[in-house]
Structures are given as C-alpha cells and as structure tokens.
Amino acid sequence: MSEPQIQTASQEATTHSPNFSRRGLFALSAGVGAAALFNAIPALAAPGSPQTYASTPLTFNDVPGTGDLKALNLALALEDLESDLYTQAIMRLTGGGTTTYGERITGLNVSGQQLRYFREFLRVETEHAAFLRTTITAAGGTPIGKFRYTFGFGSSSPTPYNAAQVLNVVLDAERTGVAAYLAAVPLFAPGSPYLQTATSIQGTEARHTAVLFGLANILNGLNANIGPVPSGVSAAARNDIDPFGREVTQNPASPSGSPLLITTPPTPIAFEPQPDTLATPNSILAKVSPFIVLRNAPNVT
Amino acid sequence: MIEFEKITRDPHSRRSFLERMSVLGLGVGAAHLLSGCGGGGGNNNNNNGGNNGGSNPSLPGAVSNVYPARFGTGFVAVLNYSRAYETMEASLYTQALNIASGRALGAERVPIAQANATYQLRVAGNIDRPELGFQFLKQLAYIEAGHSEFFGVAVQALGGTPIAPNPGGYRFPKGPGNNLRDILNNVLPVQETSNRAVLGASPDIARDLNLLQTAGTIFSTECRFSAGLRFALDDQGEIGPVAMSGDRQVVTQAPSAQTFEKFKSVQEVLAFAQQFMV
Numbered sequence: 287m288s289e290p291q292i293q294t295a296s297q298e299a300t301t302h303s304p305n306f307s308r309r310g311l312f313a314l315s316a317g318v319g320a321a322a323l324f325n326a327i328p329a330l331a332a333p334g335s336p337q338t339y340a341s342t343p344l345t346f347n348d349v350p351g352t353g354d355l356k357a358l359n360l361a362l363a364l365e366d367l368e369s370d371l372y373t374q375a376i377m378r379l380t381g382g383g384t385t386t387y388g389e390r391i392t393g394l395n396v397s398g399q400q401l402r403y404f405r406e407f408l409r410v411e412t413e414h415a416a417f418l419r420t421t422i423t424a425a426g427g428t429p430i431g432k433f434r435y436t437f438g439f440g441s442s443s444p445t446p447y448n449a450a451q452v453l454n455v456v457l458d459a460e461r462t463g464v465a466a467y468l469a470a471v472p473l474f475a476p477g478s479p480y481l482q483t484a485t486s487i488q489g490t491e492a493r494h495t496a497v498l499f500g501l502a503n504i505l506n507g508l509n510a511n512i513g514p515v516p517s518g519v520s521a522a523a524r525n526d527i528d529p530f531g532r533e534v535t536q537n538p539a540s541p542s543g544s545p546l547l548i549t550t551p552p553t554p555i556a557f558e559p560q561p562d563t564l565a566t567p568n569s570i571l572a573k574v575s576p577f578i579v580l581r582n583a584p585n586v587t
Numbered sequence: 226m227i228e229f230e231k232i233t234r235d236p237h238s239r240r241s242f243l244e245r246m247s248v249l250g251l252g253v254g255a256a257h258l259l260s261g262c263g264g265g266g267g268n269n270n271n272n273n274g275g276n277n278g279g280s281n282p283s284l285p286g287a288v289s290n291v292y293p294a295r296f297g298t299g300f301v302a303v304l305n306y307s308r309a310y311e312t313m314e315a316s317l318y319t320q321a322l323n324i325a326s327g328r329a330l331g332a333e334r335v336p337i338a339q340a341n342a343t344y345q346l347r348v349a350g351n352i353d354r355p356e357l358g359f360q361f362l363k364q365l366a367y368i369e370a371g372h373s374e375f376f377g378v379a380v381q382a383l384g385g386t387p388i389a390p391n392p393g394g395y396r397f398p399k400g401p402g403n404n405l406r407d408i409l410n411n412v413l414p415v416q417e418t419s420n421r422a423v424l425g426a427s428p429d430i431a432r433d434l435n436l437l438q439t440a441g442t443i444f445s446t447e448c449r450f451s452a453g454l455r456f457a458l459d460d461q462g463e464i465g466p467v468a469m470s471g472d473r474q475v476v477t478q479a480p481s482a483q484t485f486e487k488f489k490s491v492q493e494v495l496a497f498a499q500q501f502m503v
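Chain order of the listed sequences is A and B.
Each number in my numbering comes from the position in the first sequence (counting from 1) with 286 added on.
Each number in my numbering comes from the position in the second sequence (counting from 1) with 225 added on.
No wet-lab data here; the hints were simulated from the structure.
A hint or two may mislead.
Quick list of in silico lysine to any residue cross-link-like pairs, SDA-like style, CA-CA up to 25 Å [as the list claims (entries may be wrong)]:
{"id": "1", "chain 1": "A", "residue 1": "K356", "chain 2": "B", "residue 2": "K231"}
{"id": "2", "chain 1": "B", "residue 1": "K231", "chain 2": "B", "residue 2": "T477"}
{"id": "3", "chain 1": "A", "residue 1": "K356", "chain 2": "B", "residue 2": "N435"}
{"id": "4", "chain 1": "A", "residue 1": "K356", "chain 2": "B", "residue 2": "A389"}
Stretches of chain A that chain B covers, calculated by requiring three or more beta carbons in the stretch to come under 8 Å of a beta carbon on chain B [stated by the list, open to error]:
{"id": "5", "region": "371-382"}
{"id": "6", "region": "412-425"}
{"id": "7", "region": "450-459"}
{"id": "8", "region": "568-578"}
Think of the CB as a built atom: it goes at the ideal place given N, C-alpha and C, for glycine as much as any other residue.
Put together the whole structure using the sequences plus the hints.
Right, dumping it as structure tokens:
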C-alpha cells in the first residue's frame with residue numbers, strides 16, 4: 287500500500303494556510319462561529335464558564351509569581367504548549383488519538399523525517415517543562431497551571447491540518463518559544479543564577495527551529511516558490527531580509543506570521559539566518575492564547 | 226576599520242551600520258549600543274557575575290572565567306573575547322567557503338551583494354543535502370563577520386579597544402577539506418564551540434540584561450547553525466546538542482544530552498581556538 291503523500295505547500299497555497307493564530311484557526315472553520323466550534327469539542331465544563339474557553343488572551347498578569355519565578359513560568363507556559371503540540375502533531379501524523387481535552391484527531395499514517403524529529407523534540411520539551419516545574423516549586427513558587435490546547439489538527443476543525451500545515455504550526459511554535467526566552471531575559475534579576483540555564487534551554491529551541499526550517503524546505507522543495515507573493519506588498523512591509531538579497535516573507539495568507547518561506551528560483555531556500563525578534567511577554571502570550579481551550583479547570587492537572 | 230565615532234555622528238554611517246546589523250537580526254542590540262544603553266556594569270568582573278546558584282542544588286554554579294589581559298576588563302573583556310572568536314570563525318568559514326566554491330583559500334570575502342553570484346558549490350557534496358549545507362556555510366561566513374563587527378562596536382561603545390585579529394591569521398590545521406562533507410565536518414566543532422563560548426561567558430554579562438538579551442539573539446543564531454550543519458550532514462541524525470570533550474553542564478543532572486546546551490570556560494575555549502592560530 288502506498289504511503290499517503292504529504293501535500294506540498296505549493297499545492298496548499300491555493301487552499302487554506304496554517305498560521306499560528308486564532309483568526310487562522312477560525313478561518314479554517316469558515317462560517318462556523320466560536321460557540322459552534324467550541325461545542326464540537328467534548329466539554330469538560332459548561333460553555334461560557336470562566337473555567338472553560340479562554341475568551342480573552344492570557345496576559346503576563348496571569349502568570350504566577352514575581353521576578354525570576356514569573357520569568358520561569360512564562361517559559362513554562364511555552365514548554366507546556368510545545369509538549370502538547372508535539373503530542374497532538376504526532377497523533378495527527380500517525381494513527382490518531384484523543385487529546386487531553388478530549389478532541390479526536392484522525393491520523394494521517396504518514397512516515398518521514400518529521401516523525402523522527404517530532405518524537406525527539408517532544409521528549410526534550412517535556413523534559414524542559416518538568417525541569418521548570420520542579421525548579422519553580424523547589425524555589426517556593428507556584429508553577430503555572432497546565433492548560434488544554436487545540437491546534438487545528440482534529441475534530442475542532444472541519445478541515446484538520448495536513449502534514450505540511452502541521453509542520454508549519456510546529457515551526458512557528460518553536461520560533462515563538464525562542465522568542466519567549468529572549469523576551470524573558472529582562473524579567474530576571476540581574477545576575478540571576480537561572481539566566482544561564484534558561485539560555486541553555488533557549489539554545490535547544492533554536493536548534494529545533496533550524497531543523498524544522500530544514501524539513502520545511504525539503505518538504506516544499508528547494509528552489510521552489512512555495513507561496514504566492516501578493517501584488518501591492520512592498521518591500522518595507524515584509525519582515526525579513528535575507529543577507530543575500532532574497533526576501534524571506536511571511537505567507538500573505540497567514541497574517542499572523544506563519545513562516546512559509548518564499549524565494550525566487552533558482553536560489554536554494556535556506557532557513558532564515560536571523561536570530562529572533564525581540565518580543566514582549568504579552569505579545570508572546572497573545573500569540574499562544576488562541577490555542578488554549580481550557581484554563582484552570584478543576585480537573586486539569 | 227570600525228569607526229564608532231563615525232557611526233554615532235554621521236547619519237549615513239549610522240544608518241548603514243544599523244541596516245547591516247538588522248539583516249543579522251541585531252538591529253535592536255545595535256540600536257541599544259548607539260543609544261548608550263548597555264554595559265552598565267563595566268567593572269572588572271572576572272567571576273561569574275552573579276549568584277553562584279548555591280541556593281538551588283540543581284544548578285551547579287557558573288564557572289569562574291579568566292579573561293586574558295589583552296581583552297581588557299569587565300564587560301569589554303567579555304565582548305572582546307566574543308569578538309576574537311567570531312573573527313576567527315569568519316576567517317575560517319570564508320576559507321571553507323572559498324574551497325567549497327573552487328576559489329583560492331585566502332581569497333577575500335566578497336561584498337554580500339555579490340555573494341550569490343560569486344559562491345557556487347564546486348566540490349563534491351558527499352552529503353544528503355549539499356545545497357542546504359553550502360547555503361549554511363555561505364551564510365555563516367557573513368554572519369560571523371557581522372557578529373565580529375557588532376562586538377567591536379559594542380566594545381567601542383563602552384570606551385574599549387576592539388581586539389585585533391590574530392596577526393598571523395587563522396587556518397584549519399589540516400586544511401578545510403576537499404569535499405563539502407569534510408569541510409562541514411571541520412567547521413562543525415568550531416561552530417559548536419562558539420555556542421559553548423557564548424553560554425560560558427553569559428554569566429559575566431548577566432548584570433546587564435539588555436546586553437545579555439542581545440547576546441542571547443547571537444547565541445540563538447549560533448545554535449541554529451550548529452543544528453543546521455548537523456542536519457545538512459545527516460538529516461536522519463542527531464542535531465545536538467551533542468557532548469564534546471570537556472563540556473560543562475548548566476544543571477547537575479540533565480535528563481538527556483539534548484535537554485540543555487553545554488558550555489565551556491573562557492580558558493577552555495581559548496585553548497581549543499589555539500590550534501587555528503597561525
């Protein structure tokens with residue numbers, strides 16, 4: 287039996303595009319309102335309850351602690367999300383499953399390098415989360431609660447993401463994770479003993495990002511245009527400039543910034559050489575909030 | 226030659242510098258430098274620059290770094306140390322790029338606008354993703370040069386003197402290699418040590434969070450390229466961090482080798498770099 291073929295992004299460009307935003311998630315459910323979308327997910331608490339859907343973005347004020355511990359909790363929020371994201375991504379790529387929220391994910395039963403790296407990165411992100419949780423607790427702090435997430439891979443979406451789109455979401459998440467660690471630096475006490483450890487974790491996230499970019503390039507074909515460049519988008523409006531004169535732009539169909547790379551053949555696509563944009567804690571949390579579907583429910587452990 | 230005075234006083238030079246740094250993602254850091262921010266703790270701090278982590282048994286405490294006198298003191302020493310390593314990398318990677326492109330070993334790096342036209346892969350790939358590996362190599366040569374320039378300006382911003390390149394130059398002890406696999410395998414330990422150098426020195430600038438944040442963006446890039454090179458060499462293999470001889474750990478017990486990046490002390494990095502000095 288032939289393996290399901292991973293649809294290339296060039297094939298996807300004319301359909302729907304993944305992006306790491308609530309707007310993008312709702313775009314996939316064209317015409318379906320938020321309430322109906324939520325009702326498609328088995329609820330663990332009554333809709334409309336403050337303990338259910340995160341109707342307002344998570345902000346830095348919601349992050350427990352102060353000083354170093356608050357900074358570590360910001361990092362932990364991203365690590366928890368990444369851990370669950372990889373879990374769901376692997377479900378989607380393999381035989382499917384049910385998320386901790388109860389969302390059913392149908393598996394694509396694909397194989398390939400993505401799985402190898404997703405499994406390794408899941409392990410590492412889970413280790414990061416466990417380390418941060420232990421460290422915060424040992425220091426007398428309260429770790430941020432574990433949330434429940436949906437990423438558009440399963441029954442919450444009428445058109446669950448395919449493998450290429452899953453990769454893009456994962457890539458964007460890892461980039462956001464790196465940005466979160468950078469954003470957290472000013473939150474620590476100067477000279478904090480946690481800074482070097484946090485930086486060491488950031489470095490591993492950066493490695494993940496590089497590999498995911500490499501996979502995205504392979505998946506979408508080196509030397510290939512993998513997305514349409516809309517007319518009227520000026521160079522000034524584009525976010526990234528490659529030092530070799532190519533413009534690395536965000537997919538215009540993904541305004542929140544899923545990084546589908548666009549280049550002009552025959553120059554090979556390479557991952558962006560640039561380090562990460564310096565975000566803020568609130569901008570990081572605003573970006574991930576759309577994927578949090580359950581906060582602080584009594585039975586969320 | 227870095228002209229810090231010119232960069233700060235001449236709008237055109239300033240804009241040009243900021244644009245070059247922005248391309249490398251160092252625009253925010255560069256702007257900080259030129260606004261006079263950063264380097265707030267310029268006293269000699271040849272220690273770990275902060276708490277020793279003794280209150281948390283899982284954190285073994287930062288290593289005590291000793292910076293050679295030629296690097297200066299305090300934050301200037303740390304920045305010059307970084308600049309020295311980046312300068313070496315830029316030279317070595319340019320040599321590697323030259324050989325991979327069929328150019329003379331010692332050919333000067335061309336202006337970035339000419340890079341794509343000048344550097345084309347001309348040796349056997351011998352790896353799974355030669356296009357990707359060559360692209361990384363090309364980018365690395367320019368990025369490390371840009372990092373070197375950034376650190377030099379940062380030193381000047383703090384009133385210091387940027388460390389000059391090694392007078393005799395740099396070389397791979399046995400040459401860069403004859404095919405892309407060998408070339409990248411020779412570049413990789415240099416690149417991986419760069420990660421370790423930045424992380425090892427980070428506690429010494431940890432009292433200036435702006436400077437540390439900028440260093441963090443550079444660290445992120447270095448780690449990406451380490452992984453990228455490994456991926457290009459073997460896209461089924463380990464992307465790191467992979468233990469190198471003499472590595473130090475940020476925690477006493479890591480769940481796995483990949484959980485945390487490793488670091489080395491200044492002395493250990495300089496000892497490693499000595500083999501590349503002419």
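Verification of the supplied hints:
1. A/K356 <-> B/K231: violated (41 Å)
2. B/K231 <-> B/T477: Judged against 25 Å, a Cα distance of about 47 Å means the pair is violated.
3. A/K356 <-> B/N435: Judged against 25 Å, a Cα distance of about 18 Å means the pair holds.
4. A/K356 <-> B/A389: violated (41 Å)
5. 371-382: It is violated, with 0 qualifying residues against the three required.
6. 412-425: holds (count 8)
7. 450-459: violated (count 0)
8. 568-578: violated (count 0)
Violated hints for the displayed structure, listed by number in ascending order: 1, 2, 4, 5, 7 and 8.
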